[in-house]
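S.K.: As a plain string of letters, each chain reads:
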Amino acid sequence: MIRSYLPHTPEDRRDMLAVIGAKSVEELFCDIPAAVRLKRSLNLPAALSEPELVRHLEKMAGQNSPVSEMICFRGAGAYDHYIPSVVDPIISRSEFYTAYTQYQPEIAQGYLQALWEYQSLIAILTGMEMATSSLYDGGTALAEAAMMACNVAERKEVVVSLAIHPHYREVLATYGRDWGFQIVEVAATNGLTEIEQLKKIISPATAAVLIQTPNFFGSIEDLQELADVVHNVGALLVTSVNPISLGILEPPGAFGVDIVVGEGQPLGIPLSFGGPYLGFFATSEKLMRKTPGRIVGQTSDYEGTRGYVLTLQAREQHIRREKATSNICSNEALCSLAAAVYLCALGKKGLQDTASQCTQKAHYAFRKITAIKKFSPVFTSPFFHEFVVRCPIPVSEVNVRLAEKGMIGGLDLGRYYSELVGCMLICVTEKRTREEIDTLIAGLEAM
Amino acid sequence: MRQSKSLIFEMSRPGRRAVDLPECDVPTEKLESLIPQKMIRKSEAALPEVSQQDLIRHYTALSRRTFGVDSGFYPLGSCTMKYNPKINESACRLAGFANLHPLQDPDDIQGALAVLHDMEIYLAEIAGMDAVTLQPVAGAHGELTGLKLIRAYHRARGENRTQVIVPDSAHGTNPATATVCGLETVEIKSNADGSIDLAALRSVVGPNTAALMLTNPSTLGLFETQICEIAQIVHDAGGLLYYDGANANAIMGIARPGDTGFDVVHFNLHKTFSTPHGGGGPGSGPVGVKKSLVPFLPVPLIVKEGNRYRLDEDLPQSIGRVHSFFGNFGVIVRAYAYIRTMGPDGLRQVSEDAVLNANYCLAQLKKDFYSPFSRYCMHECVLTSKYQKANGVSTLDVAKRLLDYGYHPPTIYFPLIVEEALMIEPAETESRETMDAFIDAMKRIAAESATDPQKVTGAPFSTVVGRLDQVAAARKPVLRWKEPTA
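Chains A and B are the protein sequences, given in the same order. Quick note on our numbering: the first sequence kicks off at 1 and runs consecutively. Quick note on our numbering: the second sequence kicks off at 1001 and runs consecutively.
Not close to chain A: a few residues of chain B, all C-beta gaps over 10 Å, as computed:
{"hint": "1", "residue": "1202"}
{"hint": "2", "residue": "1203"}
{"hint": "3", "residue": "1204"}
{"hint": "4", "residue": "1206"}
Below, computed lysine to aspartate or glutamate pairings styled on EDC-like, alpha-carbon distance capped at 20 Å:
{"hint": "5", "chain 1": "A", "residue 1": "349", "chain 2": "B", "residue 2": "1483"}
{"hint": "6", "chain 1": "B", "residue 1": "1042", "chain 2": "A", "residue 2": "222"}
{"hint": "7", "chain 1": "A", "residue 1": "349", "chain 2": "B", "residue 2": "1025"}
{"hint": "8", "chain 1": "A", "residue 1": "431", "chain 2": "B", "residue 2": "1025"}
{"hint": "9", "chain 1": "A", "residue 1": "323", "chain 2": "B", "residue 2": "1184"}
{"hint": "10", "chain 1": "B", "residue 1": "1086", "chain 2": "A", "residue 2": "50"}
{"hint": "11", "chain 1": "A", "residue 1": "431", "chain 2": "B", "residue 2": "1020"}
{"hint": "12", "chain 1": "B", "residue 1": "1038", "chain 2": "A", "residue 2": "225"}
{"hint": "13", "chain 1": "B", "residue 1": "1476", "chain 2": "A", "residue 2": "303"}
{"hint": "14", "chain 1": "A", "residue 1": "349", "chain 2": "B", "residue 2": "1020"}
Honestly, the hints are just simulated from the structure, not real lab data. Note that beta-carbon positions come from the ideal geometry of N, C-alpha and C, so glycine has one too.
Work the whole structure out from these sequences, hints included.
M.R.: In structure tokens:
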């Protein structure tokens, strides 16, 4: 059999066996005990040729209704932003995407520099001293931050705001249960973490307080006040941020936040049904030797030419094994590259404009929707590009009717918060036009 | 040849941009009236400002300073650097996949759930397991998920077993994962050929053994011949057997971990199933389990009812969520396309050819480089620079000299238990002519090591930078760009 990914002809195989001195390929597998050999063919569908495969995949993809065929007002941790045309051609350059981790820096200078520039961009955006080259996604990045904070503070209690994405909190619980940090929850009122309750909960046993901003409800937390409260007991403030919001919002670094993480998907990465996404991670130089995952550093060769290498590897699993700061190995490098291209394509003004349009359009939608008698605002807290409204009929029913008109309505919050049954989390990014927003408003008016 | 490349920050000029965005078409209000002043940025984020062509040239130049599988032979042991089919890249970019929001309603996502559901079945069949979760996004993430499943299994039986046995030949992720899972690593010495020392294993198993983590074929590229005895010893002690699928490219359709006594398996779709490594991800690390561990799988589960699929989050014994959504869907679609392309016979042929290629390289090189084992290897072979060492040439030098010949070097200094190791994995997608050229380069380097060792110890000569100062990089880390002070 010759298939396009398998170059050997029968003659090749015969000649190679002769060089090896084996009678058959079978002989090469003689170490595998007969008792455990598979004595039948794998029960898998028969091979498809390329045109057959294309037809099949198009059929499967065609059974979905993607945001490119609908008008999307759903966010909740995955956002439909415009992706500039330059991003995909760059990450499709196969020198990048077919490479392995940069273990041989002399022939990986381009990728290493791209990752170093990415680290720089994330540090600039978050207002932090340094950033790492990537973690898996928003949820696991938060869990890595919690474990690191416990190691730094030498404490094992993590206080978590209920205004953090419920999935992130679930991931956190999964990691915490076995690693051994305890989770204490702090409630949210009016869409914001309850600072008075937080003050009562935290103590010198608290390693870290975890906050998301804009949080799951879209509301912007008061990082200054939170930082003061958290640092008062010697705990670390960890925030998960939406990177696009930092086009207009004061960065966490300005408030003395200790670790900044987040979901990098909004930075030029397709929705792709939830992954691959990008966990970003930024912190202070003082904590750099405790950070999880790959870091690229600038150095020079022995003739003085500027170059880049993976550095601070003494933190990592392949060197430190059970004493490593994390078990992460493969991460999301290509997504970091996409995020870097996105940020450089937009530039200083473009990111600011994108963030500003998100806010303006979301507030326009908020004003119009809450002007409809049957829909009422739920919170009065300031928000970025997501907000919550109470619906006159079950949210699922609202969404069925919006879907009939080609729209993906907001997220049903009753799924995650019993007190928010009947409430919908609506997201409006810069990509939505006034016409599309007005279509949503007309659709809701008709409920 | 030696030349640094300007940074994107150094190319920035105020007022340039690489994409034009539309004007805001809704009535706007002053930002200060929408968001409290103290929360608004006081100064703009200093992102670079470049034109579109300059941006493209910058990254094109960076790509040309990077070596991928498409650039040339990449026999990096334990990493399975096989060809990444182009149709897979188009597959994951189909609008119905790439533009799907993870929280859309069930009616909108039936095609995606069908792909995930079928993929679970395919991988379970290849692994010989009863169920699979696709949520872990990397091998190490799969290991973590697998160990959590094992902990949950023991807990449900009223046992708190806290030790994970790991051979000293294992990948670093095994012990590191045990730590993240709150477990203690018990390292056992391997035999010289990397196999498990049964006496050593017997001496450490006991009521506290949660699991043994094993890579098979081992990190030395050899199949663990005593696998049935090992399984017996671990199971008799009440522990479970974890299969690290890093080397699964050797066994598809030939032997299944589930049939050799393993209880939990992870695969690396970015190794065995042809998805690109991306320069360090995104990957995907699905985990397969035997029936007794199914109740503990992470949420959500994909359930098929008639011809419809739905997501089930109601699993009281589940370890919980391990990823924000459903794992690296885009990577899973690529691997799905690969399995459908290869079919059952094709996958078996993959493993046969991978093993054939490794043995071919071994046979051709074992005179010039020391071969520590006199038996057939599986999909990768371990050689060393023992002969070259006599002339002051190390494995690192050999690797660096290979760069001058246009190759990505093999994995070096791993496994840790073999001195000066060179681990060569010529994936099945490589032709005999490609390997012959590589073998020739290796032989030349062996000859140079004897006749002109400086040519090897001073290498590389042809790359854009020479050997880099790693010590300075770690001692005084420069991890980001900073505006030069005037």
